[in-house]
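Protein chains: 2
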Amino acid sequence: MGEGVTEGPLTLEELQLATRNRGMPLEGLRYDITPTGIHYLLIHFDIPEFDASSWRLEIGGNVERPLSLSLDDIRSRPATAMPVTMECAGNGRARLFPRPISNPWLYEAVGTAEWTGTPLAEFVAEAEPRDDTVELVFTGADHGVQGDVEQDYQRSLTVEDATRPEVLLAYEMNGRPLEPQHGAPLRLLVPGWYGMTSVKWLTRVEAVTEPFEGYQQAVSYRYQRDEDDPGERVRRMRVRALMTPPGYPDFPGRRRFVVAGEVTIRGRAWSGEAEVTRVEVGIDDEWRDADLEPPVGEFAWRGWSCRWDATPGEHLLSCRATDATGTTQPVEQPWNYQGMGNNLVQTVPVTVLGSA
Amino acid sequence: MGEGVTEGPLTLEELQLATRNRGMPLEGLRYDITPTGIHYLLIHFDIPEFDASSWRLEIGGNVERPLSLSLDDIRSRPATAMPVTMECAGNGRARLFPRPISNPWLYEAVGTAEWTGTPLAEFVAEAEPRDDTVELVFTGADHGVQGDVEQDYQRSLTVEDATRPEVLLAYEMNGRPLEPQHGAPLRLLVPGWYGMTSVKWLTRVEAVTEPFEGYQQAVSYRYQRDEDDPGERVRRMRVRALMTPPGYPDFPGRRRFVVAGEVTIRGRAWSGEAEVTRVEVGIDDEWRDADLEPPVGEFAWRGWSCRWDATPGEHLLSCRATDATGTTQPVEQPWNYQGMGNNLVQTVPVTVLGSA
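Going down the list, the protein sequences come from chains L and Z.
422 is the number of the first residue of the first sequence in the numbering used here; add one for each residue after it.
422 is the number of the first residue of the second sequence in the numbering used here; add one for each residue after it.
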């Protein structure tokens with residue numbers, strides 16, 4: 422995000438972000454639907470204040486019929502509910518070397534919630550974008566400065582991407598009104614894409630005739646080789662598997678201890694590109710296939726499990742997923758300047774104790 | 422906690438804790454009751470799995486009539502609901518120099534929830550602790566290793582402290598069943614004390630005839646001068662005020678920008694010892710009194726506010742509270758070996774921009 426990279430230790434700046442932007446503890450992978458309070462969060466600026474009674478969503482710009490919608494207008498439409506896995510594009514960033522300076526995620530910037538809302542496409546059809554419209558620009562109420570640009574958080578999608586049937590104006594999460602930190606009273610929800618696309622605290626949708634070149638689109642969220650590379654846009658979630666680290670941890674080190682014997686290693690896998698078709702578990706560099714559960718939903722993760730006869734000593738566990746496009750997670754880091762889409766395989770060192 | 426101190430930069434170990442143990446973003450101070458999903462969390466080991474239908478709370482040890490209670494047994498008693506401010510004893514640890522190695526909180530390990538439950542005292546009375554009982558030991562289901570000791574998380578209270586009327590067996594938070602990360606299906610709630618006392622995932626209450634010397638009581642959570650000092654037990658929350666940083670932030674640095682003119686600085690203050698009687702706001706080293714709102718509850722924080730005529734340039738804001746015992750927050754760090762109870766005043770650098 423233009424903040425630079427470092428070979429040095431963690432900075433106070435990164436810690437300030439880590440203490441406010443929470444990840445999902447990895448044992449949270451046990452739940453099909455992540456409890457609201459452990460779903461990951463990445464908030465660029467501050468959680469904005471809002472008044473639900475006066476709040477409006479404006480749909481305008483290059484349209485025939487601008488709309489100004491109250492929350493009741495939106496909630497009165499037929500509701501769609503679906504489980505959706507959402508991941509931060511920066512997940513895994515702090516495992517990169519050199520390390521891009523931004524929110525220092527390790528593995529945990531993911532969650533699956535049941536989101537309720539109404540398809541955006543219906544409102545777009547009513548507003549009638551003119552034929553020369555190329556994108557819709559989504560504006561959130563969070564406000565701040567990034568890269569010396571004062572801004573409301575904004576992202577765009579092509580009209581085609583924005584009007585897919587699964588793209589929602591969402592007002593509930595896990596069966597309850599959105600909590601403030603998840604975008605209340607209304608957010609965009611774009612299943613399959615990294616989380617930066619699902620603009621929180623949505624206030625405006627604007628049809629435009631040129632591709633949007635705002636900061637979060639043209640500068641941030643790009644796969645860049647270096648600072649001068651214009652790079653490629655970050656889009657859908659790359660394939661990834663994560664495991665619930667087995668056994669029990671120490672504090673503060675989070676090292677894992679497992680009692681020798683048969684252990685079931687469990688986790689989840691997802692991809693924004695296509696269905697996950699294979700998960701392999703690595704035990705000391707030997708890969709074996711895991712059993713797959715049905716996906717929790719068309720746009721949600723699927724469970725997997727694998728038995729392991731754990732023998733006393735030190736072991737290194739890992740996991741990697743493959744999706745229907747044939748893409749498999751890398752075992753060497755896919756480095757880029759902003760630390761985006763780092764789906765390097767997870768590794769979990771485990772100490773197996775002799776049975777008592 | 423016996424993990425040592427450092428003058429060096431943040432470690433991977435500390436980052437692993439920071440990405441799973443979330444703080445409340447400071448703009449969360451605007452809510453009387455903190456949304457569940459931004460209330461702070463400190464989990465020593467893993468969030469345990471549980472089956473509510475088979476779960477039991479055992480009350481035993483040195484009692485005349487041991488009890489084994491189902492969740493329904495507890496929920497069928499008259500319910501008490503109250504807003505309670507809870508803070509981690511380690512809040513502020515990462516602002517200390519040298520820095521104790523543990524969860525690296527800056528300011529944000531606090532929250533106020535409305536908790537619902539039933540007084541513990543009634544069940545203790547039914548169990549009839551024998552006369553030589555000195556303490557009750559509370560055991561949670563979270564399991565791990567700390568300081569080379571494998572343990573379930575355990576803490577004790579004197580019978581007198583444990584049977585105060587505000588001490589609850591709590592099963593709801595903010596009007597809904599506890600989420601797993603907050604101690605589901607049942608936790609202890611000890612208003613006024615730092616959070617380590619309110620044992621989550623409570624499975625057992627045991628009456629004992631000698632003071633409990635378990636790890637979390639005798640080794641951890643102590644005010645120690647150095648590793649060899651036995652130190653003093655950490656108990657009630659020290660007086661503290663926090664402000665919502667005014668204006669808007671940058672990303673990733675979280676520096677604050679304010680437009681020149683009249684600004685209302687707002688925040689919250691609390692103390693586990695006595696009512697907060699005064700909050701002062703420091704503006705470039707000049708202290709002025711803030712206006713106090715009524716407390717949200719007997720055991721909950723109170724709001725405060727202070728007007729400031731912000732003039733262009735760099736300013737340093739701070740705040741400090743005083744409680745009815747006459748104790749005021751320190752302006753120099755109250756260093757101790759485990760980084761406990763660091764209520765050093767908050768400081769917020771702000772850049773005031775000329776009005777447009």
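Since the hints were derived computationally from the structure, they do not count as laboratory data.
Hints are not guaranteed to be accurate.
[Stated by the list, open to error] Covered stretches of chain L, as calculated for chain Z (at least 3 residues, CB under 8 Å):
hint	region
1	434-440
2	456-468
3	559-566
4	594-604
[What the hints assert, rightly or not] Non-contacting residues of chain Z with respect to chain L, defined by C-beta distances greater than 10 Å in every case (computed):
hint	residue
5	H465
6	A500
7	R654
8	S726
9	L765
[To be verified] Examples of chain Z residues lying across from chain L (beta carbon under 7 Å, computed):
hint	residue
10	P446
11	I459
12	F471
13	L527
14	Q567
15	E593
16	R643
17	P673
18	V679
19	E683
All C-beta atoms, glycine included, are put in the ideal place defined by N, C-alpha and C.
Hint-by-hint comparison with the structure:
With 7 residues having a beta carbon nearer than 8 Å to a beta carbon of chain Z, the region 434-440 of chain L meets the requirement of three or more and the stated coverage holds. Counting residues of the region 456-468 of chain L whose beta carbon lies closer than 8 Å to any beta carbon of chain Z gives 11, which meets the minimum of three for the stated coverage. For the region 559-566 of chain L, the stated coverage by chain Z is satisfied: 3 residues place a CB nearer than 8 Å to a CB of that chain, which reaches the threshold of 3. Check result for the region 594-604 of chain L against chain Z: holds, 5 residues qualifying (beta carbon to beta carbon below 8 Å, three or more required).
The Cβ of H465 of chain Z does not lie farther than 10 Å from every Cβ of chain L; its closest approach is about 5 Å, which violates its non-interface assignment. Taking the minimum C-beta to C-beta distance to chain L, about 21 Å, the non-interface status of A500 of chain Z holds against the 10 Å cut. Distance check for R654 of chain Z against chain L: the nearest CB is about 19 Å away, which clears 10 Å, and the non-interface claim stands. Every CB of chain L lies more than 10 Å from the CB of S726 of chain Z, the least distance being 15 Å, so the non-interface label holds.
At roughly 15 Å, the least C-beta separation between L765 of chain Z and chain L is larger than 10 Å, which holds for a residue marked as non-interface. Among the interface hints, the one on P446 of chain Z holds; its C-beta lies about 4 Å from the nearest C-beta in chain L, closer than the 7 Å criterion. Hint on I459 of chain Z holds. Least Cβ distance to chain L is approximately 5 Å, under the 7 Å limit. Nearest Cβ of chain L to the Cβ of F471 of chain Z: about 11 Å, over the 7 Å cut. The hint is violated.
At its closest, the beta carbon of L527 of chain Z sits 6 Å from a beta carbon of chain L; the interface hint therefore holds under the 7 Å criterion. For Q567 of chain Z, the suggested interface contact is upheld, since its CB lies about 4 Å from the closest CB of chain L, less than 7 Å. With its C-beta approaching chain L no nearer than about 14 Å, E593 of chain Z sits outside the 7 Å limit, and its interface hint is violated. A hinted interface residue such as R643 of chain Z counts as satisfied when its beta carbon comes closer than 7 Å to some beta carbon of chain L; here the least separation is about 16 Å, so the hint is violated.
Taking 7 Å as the C-beta contact cut-off toward chain L, the hint placing P673 of chain Z at the interface holds, the least distance being around 5 Å. Hint status for V679 of chain Z relative to chain L: violated, with the closest Cβ pair at about 12 Å, above 7 Å. The interface hint given for E683 of chain Z is broken, as the beta carbon of that residue sits about 18 Å from the closest beta carbon of chain L, more than 7 Å.
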